[in-house]
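Engineer: Could you build the full structure based on these sequences and the hints that come with them?
Number of protein chains: 2
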Amino acid sequence: MDIGLIGLGRMGAGIAKTLLRNGNRLTVYNRTRSRAESLGKEGAKVASSVVEACEGGVVLTMLADDAALESMVLGESGILRSLRRGGVHISLSTISVALSDRLAVEHAAAGQEFVSAPVFGRPEAAENGKLAVVAAGAKSAVEACRPILEVLGPKLLVIGERPSMANVVKLTGNFLIATVLESLSEALAFARKSGVDAAAVLDFLTSTLFNAPVYKTYGALIVEGKHDQVGFALPLGLKDVRLVLQAAEAQNVPMPVASVVRDRFVTAMARGNADKDWSVLGRIAAEDAGLARAHHA
Amino acid sequence: MDIGLIGLGRMGAGIAKTLLRNGNRLTVYNRTRSRAESLGKEGAKVASSVVEACEGGVVLTMLADDAALESMVLGESGILRSLRRGGVHISLSTISVALSDRLAVEHAAAGQEFVSAPVFGRPEAAENGKLAVVAAGAKSAVEACRPILEVLGPKLLVIGERPSMANVVKLTGNFLIATVLESLSEALAFARKSGVDAAAVLDFLTSTLFNAPVYKTYGALIVEGKHDQVGFALPLGLKDVRLVLQAAEAQNVPMPVASVVRDRFVTAMARGNADKDWSVLGRIAAEDAGLARAHHA
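Chains A and B, in that order, give the protein sequences.
Numbered as in my numbering, the first sequence ends at 300 without a single skipped number.
Numbered as in my numbering, the second sequence ends at 300 without a single skipped number.
Hints in this document: simulated from the structure, not taken from any laboratory.
Built from N, CA and C at the ideal position, the CB exists for glycine as well.
Take these hints with a grain of salt, some might be off.
[To be verified] Here are the simulated distance ranges between beta carbons:
#	chain 1	residue 1	chain 2	residue 2	range
1	B	GLU127	A	GLY89	55 to 61 Å
2	A	ARG28	B	GLN232	51 to 57 Å
3	A	PRO157	B	GLU290	54 to 60 Å
4	A	ARG274	B	ARG34	38 to 44 Å
5	B	SER143	A	GLY198	17 to 23 Å
6	B	PRO126	A	GLU290	36 to 42 Å
[To be verified] Covered by chain B, per the in silico footprint, the following chain A stretches (three or more residues, Cβ under 8 Å):
#	segment
7	150-163
8	194-200
9	214-225
[Unchecked claim] The calculated lysine-lysine pairs, modelled on DSS-like cross-linking and capped at a C-alpha distance of 27 Å, are:
#	chain 1	residue 1	chain 2	residue 2
10	B	LYS196	A	LYS242
11	A	LYS196	B	LYS242
12	A	LYS196	B	LYS158
13	A	LYS142	B	LYS196
14	A	LYS158	B	LYS196
15	B	LYS219	A	LYS219
16	A	LYS219	B	LYS158
17	B	LYS219	A	LYS158
18	A	LYS196	B	LYS142
19	A	LYS133	B	LYS219
Structural biologist: Structural data, given as C-alpha cells:
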C-alpha cells in the first residue's frame with residue numbers, strides 16, 4: 004500500500020520500520036526533518052510537507068497529544084486541507100475522546116474518512132510489529148485499513164463505528180495500568196515497612212494470582228526503585244489519567260480510584276519527577292511511608 | 004502425620020479432604036458437630052473437644068476472623084491450654100497482624116510453637132490441593148510443618164521468622180485483588196456509559212496486558228452483573244481491607260487507594276449487598292454512573 008505517516012517519535016519511528024519491513028511504500032513526515040531522514044535510509048520517502056505525506060490517500064498520525072494532533076489536522080496546510088476527498092486518516096495517538104469526536108466531524112465534513120486506532124505497547128513492540136491495536140470508525144473505512152492495522156501487531160480489536168470508542172478503550176487500559184502502579188506501590192511500601200522482603204512478595208504474587216506482564220514489569224521497577232530509564236514518562240501518565248477523568252465526567256461516570264491516582268501523579272510531579280518513568284509512583288509511596296527511596300538503597 | 008484440624012467451613016472442609024487424601028491421620032473439630040461428622044465418613048476422627056483435636060501435637064485452625072480464632076486459642080478449654088509443650092499451632096486463617104503477633108507471644112509463653120500460614124485460593128482449590136500458601140514462624144517449626152503445608156498446594160512461600168509476616172503478605176494480596184475489583188468496576192462502567200461493549204473490552208485487555216486469572220474471573224462477574232453466587236462474601240472483603248489499613252496505619256504507611264476501596268465496600272454494604280460476592284463493587288460503580296444494574300439486564 005501507499006501510506007503516509009506523520010509523527011516520528013519513538014513510537015512512530017518503530018511503526019514506520021514495521022510498515023516498511025512488510026513491503027509498504029511509505030512516505031514519512033516529521034516537523035523535525037532529521038528524524039524522517041534516518042528512515043529515508045531504510046527505504047521511506049521523506050516528505051517535506053504534510054500535503055506530500057497525504058498524496059497516497061491514506062495517512063497515519065502518531066503524535067504526542069491533543070494539541071499536536073489538532074494543529075497537524077486542522078492547522079493551515081494541515082491534513083484536512085491536504086487529503087483528497089475519500090481519503091483516510093488513521094489516528095494512532097492517545098488523545099482525548101472529545102478531540103476524536105471533533106476530528107470525526109471535521110473529516111466527514113471534508114468528505115474524508117477518520118479511523119481512530121490507538122495502540123498498546125512500548126517502542127520495541129512498535130518496531131517489532133507486536134502492538135495491540137483498538138480501532139473504531141465507519142465499517143468500510145476500518146475494513147479498508149485492516150491490512151495496515153494487522154501489520155502493527157497480532158491483536159486487533161474493532162470496537163465500533165464511532166472513532167472515539169477506540170479512544171475510550173485505550174484510556175480505560177491506561178487507567179488500569181496506572182492503578183496497578185499505584186496499588187503495587189502502596190502494597191510494597193506496606194510490606195517493606197512491615198519488615199517483609201518486597202521482592203519475595205512480588206515474586207510470589209506474580210507467579211500466582213497476578214501472573215500478568217504488567218505486574219511483573221512494573222513490580223520489578225518499583226521493588227528496585229529504578230525510574231530513571233523512561234519507558235513511559237510521568238507527565239504522559241498524568242495526561243492519560245486526566246483524559247480518562249474528563250471523558251468519564253462528560254458521561255457522568257465517577258471514578259474514585261482514578262481521582263486518587265491522578266493526585267498521586269500530581270504529587271510525583273510536585274516532587275520533581277517529571278523526567279522519570281511513571282513507575283516513580285513507587286518512590287512516592289515509599290517516601291510517604293518514611294522509607295528510604297529504593298529497596299536496596 | 005497425626006494432625007488436628009479445627010474449623011470446618013468451606014475452606015477448612017476442603018483442606019481436611021486434601022490432608023486425608025494424602026494419607027494423614029486427621030482429627031477434626033467444629034463447634035457445629037454435624038460438619039465434622041460428614042468428614043468422619045471420609046476417614047477423619049471426629050473430636051468432641053478442642054483438647055482431643057490437639058492430642059497429636061500439631062493442630063491447624065481455619066476460622067472466619069480474629070474473634071473466632073482468638074476465643075478458640077485463648078478461651079477456656081482453648082488451644083493454648085489443650086496443646087502440649089513443644090506442640091505446634093498452624094493458623095491458616097486470614098487474621099490481623101496484631102492478633103498474629105499476640106498469639107506468637109502467648110504460644111511462646113506456653114512453650115508452644117506458632118506458625119502463621121494463610122492461604123490464597125477458593126474452596127475448590129482447598130479441596131484439590133491447589134492453594135498458594137505463605138508461611139512464617141521459627142525456622143525449625145516451619146520446617147517441621149513443611150510436609151503438611153506442601154500438601155495444600157503447589158506454591159509455598161516461607162517469608163520470615165515472625166509469624167505475622169505471613170499475614171502481611173496475605174493482606175497485601177487481598178488488597179491488590181480488591182483494587183482490581185474496584186478499578187475494573189470503574190473502567191467497565193466508563194466503557195459501558197460511553198457506548199462501548201464492556202465484554203469486548205474485557206476480552207481484549209485480558210488477552211493482552213492483563214492476562215491474569217484475577218482479571219478474567221472477576222471481570223466476567225462484573226460484566227455479567229453476577230454477584231449472587233458467593234465465592235468470597237462482601238463483608239469478608241471489607242474486613243480484609245480494614246485489616247490492611249489497620250496494619251498499615253500501625254506502621255505509619257498511608258494507602259490512599261486502599262482507603263477509597265474500603266469506602267466502596269462500605270457503600271456496597273449500605274446498599275444491602277451483605278449477602279453478595281465482593282465483586283458486587285461492579286454493581287455499585289454501575290449504579291453510581293446511572294447505569295442499569297447488569298449489562299444484560
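Engineer: Determine for every hint whether it applies to the structure shown.
Structural biologist: Hints and how they fare:
{"no.": "1", "hint": "B:GLU127 to A:GLY89: 55 to 61 Å", "verdict": "57 Å, holds"}
{"no.": "2", "hint": "A:ARG28 to B:GLN232: 51 to 57 Å", "verdict": "56 Å, holds"}
{"no.": "3", "hint": "A:PRO157 to B:GLU290: 54 to 60 Å", "verdict": "37 Å, violated"}
{"no.": "4", "hint": "A:ARG274 to B:ARG34: 38 to 44 Å", "verdict": "53 Å, violated"}
{"no.": "5", "hint": "B:SER143 to A:GLY198: 17 to 23 Å", "verdict": "20 Å, holds"}
{"no.": "6", "hint": "B:PRO126 to A:GLU290: 36 to 42 Å", "verdict": "41 Å, holds"}
{"no.": "7", "hint": "150-163", "verdict": "holds (count 4)"}
{"no.": "8", "hint": "194-200", "verdict": "holds (count 6)"}
{"no.": "9", "hint": "214-225", "verdict": "holds (count 5)"}
{"no.": "10", "hint": "B:LYS196 to A:LYS242", "verdict": "21 Å, holds"}
{"no.": "11", "hint": "A:LYS196 to B:LYS242", "verdict": "21 Å, holds"}
{"no.": "12", "hint": "A:LYS196 to B:LYS158", "verdict": "25 Å, holds"}
{"no.": "13", "hint": "A:LYS142 to B:LYS196", "verdict": "22 Å, holds"}
{"no.": "14", "hint": "A:LYS158 to B:LYS196", "verdict": "25 Å, holds"}
{"no.": "15", "hint": "B:LYS219 to A:LYS219", "verdict": "17 Å, holds"}
{"no.": "16", "hint": "A:LYS219 to B:LYS158", "verdict": "17 Å, holds"}
{"no.": "17", "hint": "B:LYS219 to A:LYS158", "verdict": "17 Å, holds"}
{"no.": "18", "hint": "A:LYS196 to B:LYS142", "verdict": "22 Å, holds"}
{"no.": "19", "hint": "A:LYS133 to B:LYS219", "verdict": "22 Å, holds"}
Going down the numbered hints, you'll see the structure goes against 3 and 4, while the others check out.
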